[in-house]
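Using the sequences and the hints given, assemble the complete structure.
Number of protein chains: 2
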Amino acid sequence: MYDIIIIGAGPGGYVMAERAGHLGKKVLLIEKAHLGGVCLNHGCIPTKTLLNSAKHYLHAKEASSFGVNVGEVTFDLGKAMSWKDDVIKTLRAGIAYMMKKNKVEVVQGEATFLGTGKVQVGDTVYEGEAVVLATGSVPLIPPIPGADQEHVYTNREALTATKMPESLVVIGGGVIGIEFASFFSSFGVKVDVIEMMDEIIPFMDKGMAKEFRKALKKTVKFHLGCRVELIDGHDVQYTDEKGEKRSINADVVLMAVGRKLNLTGMGFEEAGLDFDNSGIKVDEQMRTNLPNVYAIGDVTGKSLLAHSASRMGEVALNTICGKSDRVRYNTIPWAIYSIPECAGCGLTEEQAKEQGHNVKTASLPMTVSGRFLAENGKRAPGLVKVIADADSDILLGVHMMGAGCSEMIFGAAIMLETELRIKECKEIVFPHPTVGEVMRDTMFAVK
Amino acid sequence: MYDIIIIGAGPGGYVMAERAGHLGKKVLLIEKAHLGGVCLNHGCIPTKTLLNSAKHYLHAKEASSFGVNVGEVTFDLGKAMSWKDDVIKTLRAGIAYMMKKNKVEVVQGEATFLGTGKVQVGDTVYEGEAVVLATGSVPLIPPIPGADQEHVYTNREALTATKMPESLVVIGGGVIGIEFASFFSSFGVKVDVIEMMDEIIPFMDKGMAKEFRKALKKTVKFHLGCRVELIDGHDVQYTDEKGEKRSINADVVLMAVGRKLNLTGMGFEEAGLDFDNSGIKVDEQMRTNLPNVYAIGDVTGKSLLAHSASRMGEVALNTICGKSDRVRYNTIPWAIYSIPECAGCGLTEEQAKEQGHNVKTASLPMTVSGRFLAENGKRAPGLVKVIADADSDILLGVHMMGAGCSEMIFGAAIMLETELRIKECKEIVFPHPTVGEVMRDTMFAVK
Chain A
1 MYDIIIIGAG
11 PGGYVMAERA
21 GHLGKKVLLI
31 EKAHLGGVCL
41 NHGCIPTKTL
51 LNSAKHYLHA
61 KEASSFGVNV
71 GEVTFDLGKA
81 MSWKDDVIKT
91 LRAGIAYMMK
101 KNKVEVVQGE
111 ATFLGTGKVQ
121 VGDTVYEGEA
131 VVLATGSVPL
141 IPPIPGADQE
151 HVYTNREALT
161 ATKMPESLVV
171 IGGGVIGIEF
181 ASFFSSFGVK
191 VDVIEMMDEI
201 IPFMDKGMAK
211 EFRKALKKTV
221 KFHLGCRVEL
231 IDGHDVQYTD
241 EKGEKRSINA
251 DVVLMAVGRK
261 LNLTGMGFEE
271 AGLDFDNSGI
281 KVDEQMRTNL
291 PNVYAIGDVT
301 GKSLLAHSAS
311 RMGEVALNTI
321 CGKSDRVRYN
331 TIPWAIYSIP
341 ECAGCGLTEE
351 QAKEQGHNVK
361 TASLPMTVSG
371 RFLAENGKRA
381 PGLVKVIADA
391 DSDILLGVHM
401 MGAGCSEMIF
411 GAAIMLETEL
421 RIKECKEIVF
431 PHPTVGEVMR
441 DTMFAVK
Chain B
1 MYDIIIIGAG
11 PGGYVMAERA
21 GHLGKKVLLI
31 EKAHLGGVCL
41 NHGCIPTKTL
51 LNSAKHYLHA
61 KEASSFGVNV
71 GEVTFDLGKA
81 MSWKDDVIKT
91 LRAGIAYMMK
101 KNKVEVVQGE
111 ATFLGTGKVQ
121 VGDTVYEGEA
131 VVLATGSVPL
141 IPPIPGADQE
151 HVYTNREALT
161 ATKMPESLVV
171 IGGGVIGIEF
181 ASFFSSFGVK
191 VDVIEMMDEI
201 IPFMDKGMAK
211 EFRKALKKTV
221 KFHLGCRVEL
231 IDGHDVQYTD
241 EKGEKRSINA
251 DVVLMAVGRK
261 LNLTGMGFEE
271 AGLDFDNSGI
281 KVDEQMRTNL
291 PNVYAIGDVT
301 GKSLLAHSAS
311 RMGEVALNTI
321 CGKSDRVRYN
331 TIPWAIYSIP
341 ECAGCGLTEE
351 QAKEQGHNVK
361 TASLPMTVSG
371 RFLAENGKRA
381 PGLVKVIADA
391 DSDILLGVHM
401 MGAGCSEMIF
411 GAAIMLETEL
421 RIKECKEIVF
431 PHPTVGEVMR
441 DTMFAVK
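From first to last, the protein sequence lines are chains A and B. 447 is the number that the numbering used here gives the last residue of the first sequence; the numbers go up by one with no jumps. 447 is the number that the numbering used here gives the last residue of the second sequence; the numbers go up by one with no jumps.
A portion of the hints provided could be inaccurate.
A pair holds if it fits inside one copy or across any two, identical chains being indistinguishable in the list.
Unchecked claim - The calculated DSSO-like cross-link candidates involving lysine-lysine, where the alpha carbons are at most 27 angstroms apart (straight line), are:
| # | residue 1 | residue 2 |
| --- | --- | --- |
| 1 | Lys61 | Lys79 |
| 2 | Lys61 | Lys378 |
| 3 | Lys217 | Lys242 |
| 4 | Lys26 | Lys163 |
Note that these hints are calculated values from the structure, not bench results. The structure presented is a predicted model; accordingly, all values stated were derived computationally and were not measured.
Listed below in structure tokens is the structure:
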């Protein structure tokens, strides 16, 4: 009898298992593939590792501005992939070590959920006080004829490519699509992104998304408001925003239209779990409709981010332990690791207005920062936008674009979590000279 | 008649002038040299610009691990210096633009303070409601025989060097000494640092300082507890910690033992201003003993950091405007831009104990972060240390070492400013995968 059985060892499951084990709980963690889930093995980590290679490549190309002369700069995809594989292996081993250290039992296999307290793997039925469903998601393949060809990739195939494509069409201008577009275009691959909506990254502040697309446009061609109809061999055929038929020929096509939640084939329906295509229904404490059964991460459909999954796991654990807690989805930051990076936390200007706020905002280019200028030059893309409630002066959102902003946005999460007013944000001292200071300067520009 | 006359256009003076002008105040800003003061012209900005070149150089050298092949990597000091000069020029022009935009009058010349309301430049006496003394500091040259030779540099000469020295002795293991040691040693220059105290960076948490020195030791040789007696030509003669006489021969010697406050020759004494060698005496609102006379920045001796000076200027301005405000020195972050970087905010473990706290702490290597590992490898130096009060659970200090930490420490400043408990810090969500997550993980490790 376990205290907690967790199905799925992604960033929801393994973080919860580690924290629960640390508290002395008897934990069983079931994983059908590798520890770390999609995030570590086919998502966040490998993409960021490869994007780091792209950043090194571009840095080497521009290093002479800073007095660093290099010879010819070339890219060895095989070596970059090896580095990525090493990183994955090291991190997998790290999770395995943490599981052992915190006395979490790990079982490899496909789990079937039998209802409250019971999970089957192979012939064995495991019993636990609490069951946590953290089964994640897979790439969504839309029913486009020709999508089943070998040169039509998802993130999984793109992350194990053995040669650089000559040209690439990315279907979908969301985070995954944009990160791959940025990666491949860094090395001169001709990249076209086809997006159905009228702007990339649908959840972004519209003004920022436009600036972001402009920055990416130097190396990537965008086709907005377009619908892909057919992939005929290497021809991607689509209808453009005016209803006209068009096509782009590409060596490789990357399918990045979204994620499908893992809800089927694991006994959820048979057990009477309340769920639909948008996810397993959970309350603010991650409880499902079944007693002592919790769901966390992508499979809840609430937020498809690795760190959201981890936080949901922490809330589920606190709930199991009788402590009050809840996920505040409005203070969860996000980041895109493209070149340039983008990040945000809190409301966009559109959301703030929709929610009835009397909005005040300010935007400043990152070039007002001495450090940004020193490290990136005057023409580098970079922008910070701050959104606040004009009546209460309370900060509502921070949105950033520019080198390194993925590592700064957690600061905005703290300001939002502690519900600071702009007046109070201005009293926080940032070290000089840092790029982060632009966030502070933007606070001073809000009116 | 001005509302505010500010003497000194460093980060104390020009930031205050800008904010005051923005509020509609009639401001006169007097500067004897260049807008931006030491920080922009001979300090923060040029050192960070050159250290960015060093980072590019080292990145290019290690890029092949990530699949980026470059030919021979060489360093062109002249080109790096040109880039640095361009950055300074752009930023000076930026300040001039901001002064104009906010209707701040700028006068070039040496100011004499004549007492409350009066400042003279050349033959002109300017009158103002409030006078702000922001006169800064210069390098301290200790009375060591031979310190007046041409190859004995301060930061100013090091920042305009036209050729790389073959070898360098740095006298002083504080921030300035360490940043230059890191810069020159990055390119293979033989560097020795001689420090009188038994550890480098005296204000740092002792445990962190030791780890930092260990990380730097790969390229820099340290001589702690040693006192330099004489610079005989190129021989730097010193007494070691056992009292033995030793010497190191060096092409260039860098004097980096500290800063001397600019207190003399400007009429301070004649005007009856209360000051001594440790600085102008000010209260929490930056008021001096003379009515409507304020002092901010280095010259107060309270904190010799650019961003402290800016914050002091903001507090002085709020005081002038009748708003309550004060600088909380315990939440001002600091950063060292060496390779690796270091940063901190709040109390060190030693300070926390001295102040009577029942201390709880935790430290984690940065390699627990997937992104840090992906971008730096398993052997890269990186560490986060968190200090909290065991009784109240309130966070007291955060100390970091590792690539990029200078851009993360402002987050710790927010947590300290808002007086978060460790329990509350754990509820803040950091994006995954980021290096910053190590801060969060360390919060979970505190016990």
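Going down the list of hints, with the structure as the test:
With identical chains, the CA atoms of Lys61 and Lys79 are at most 27 angstroms apart both within one copy (18 angstroms) and between copies (16 angstroms). Taking CA atoms no more than 27 angstroms apart as the test, Lys61 paired with Lys378 passes in both settings, with 17 angstroms inside one copy and 26 angstroms between copies. Taking the shortest Cα distances, Lys217 and Lys242 sit within 27 angstroms of each other inside one copy (21 angstroms), while across copies they are farther apart (64 angstroms). For the homomeric pair Lys26 and Lys163, neither the shortest alpha-carbon distance inside one copy (46 angstroms) nor that between copies (64 angstroms) is at most 27 angstroms.
In the structure shown, a violation is registered for the earlier hint numbered 4 alone.
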